[in-house]
Amino acid sequence: MTGQVHHVETGVELTHGLNYGHSTSINTAHDKDEPQQAQQPSFVGQGVARTGRYMSSRVAPGTSSLQAANRSFLEDGQQNATAASSEEERTETTLEQVSSGSHGSSSNEDLAHHLETMHAGLRNAQFLRSAVYGGIDGVITTFSIISSAHGANLGYGVTVALGIANVLADGFSMGFGDYISGKLEKSYVEGERGKELAEFRRKPKHEMAEMVEMLEKAENMQHQDAKTLVRVMAKYEHMFIRNMMQYELNLNAETESTGDLVKNGVATCSSFLLFGCLPLSVYFIGFGWPEEDRDSNAIYAVACIVCAIALFAVGAFSAILVKQDRGQVLNNGTVTLLNGAVAASLSYVVGFLCERALTGAG
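So the mapping is simple: this note's numbering equals the position in the sequence shown, first residue as 1, plus 1057.
The hints are simulated quantities; they were obtained by calculation from the structure and are not laboratory data.
Each hint should be verified, as a subset may be incorrect.
As a list, the in silico DSBU-like pairs of lysine-lysine whose alpha-carbon atoms are at most 35 angstroms apart [what the hints assert, rightly or not]:
1) Lys-1284 - Lys-1243
2) Lys-1243 - Lys-1292
3) Lys-1274 - Lys-1262
4) Lys-1240 - Lys-1252
5) Lys-1380 - Lys-1262
6) Lys-1284 - Lys-1262
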């Protein structure tokens, strides 16, 4: 009697046509005189078969392991899709609440308070660079002049005269230089912005394609996401040009007004004059003593202490204004102090060596 052969798969066949495991043929014929030797399944096949038996024990009778696996994959996909949909709905709801002003504490007052307490405000940062630059340079430059004069054993009056001349001349020069440099930068940025605007209006598709490519490279953004973002930005010309200048030219399209540039120059000059007078103030006080009782070394030591405190204070205070943590405040103050100490030491050594060299030559 001819037996029937049932083909049993011990592996799992994937949708792409891959077959993991091994096929075995089992003879179920009633005639047992000619039994067929079943092939031994491979190591992978044995593992998959055991997995199939485990899954079969956890599913309803009549359901194969492959069907159970497919059902599990489908259920996981449905759960992930449901979770993603729920997340999108929550995000959309939050955005709608924020735009309508009904999202709890996300009011204008709370936003202003957050910016003031947690971030450096634009009003503080606008003149911070100029004021800090002028203050640090005022202390270091003036004290370096005093140090070189003291090292060269110049007279008390000569030292004070050199310091006053430096404060007035260098202070004006620093302020005017700050204004000129800001004006040149403003002209350059506005010129580049005009070029980018003309290119965008003349060849919008080309500029949009460039922006997509730059977003993919700079932000590691997916191509479709970059295209979507660029299409939105292209609706708002100012936004598109600002981002194009940032990614293509590494320039900030926002420039300061001429009035702000003047204020920056005034801030630099004023800060230079204020902090530059600190080491001189010690020498001014020294004029109150009779010349025979005046100790130039002691006065210079006091000036060193005053300048050290001033430099540390300027560095630390600048970090406080931009909302840095305590460690950064101490680090910034220390670095500024070391900068001034090195500059003053070099000036003193140069003055000392020059005085010895000139005395020996004479």
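Consistency of the hints with the structure:
Taking the CA atoms of Lys-1284 and Lys-1243, the gap is about 31 angstroms. The hint holds against a cut of 35 angstroms. Only pairs whose Cα atoms come within 35 angstroms are accepted, and Lys-1243 paired with Lys-1292 is accepted, the gap being roughly 26 angstroms. For the hint linking Lys-1274 to Lys-1262, the alpha-carbon distance of about 19 angstroms falls within 35 angstroms, and the restraint holds. Taking the CA atoms of Lys-1240 and Lys-1252, the gap is near 19 angstroms; set against the 35 angstroms cutoff, the hint holds.
Proximity of Lys-1380 to Lys-1262 is assessed by CA-CA distance (about 42 angstroms); at most 35 angstroms being required, the pair is judged violated. Annotation: proposed proximity of Lys-1284 to Lys-1262 holds, straight-line Cα distance about 11 angstroms (limit 35 angstroms).
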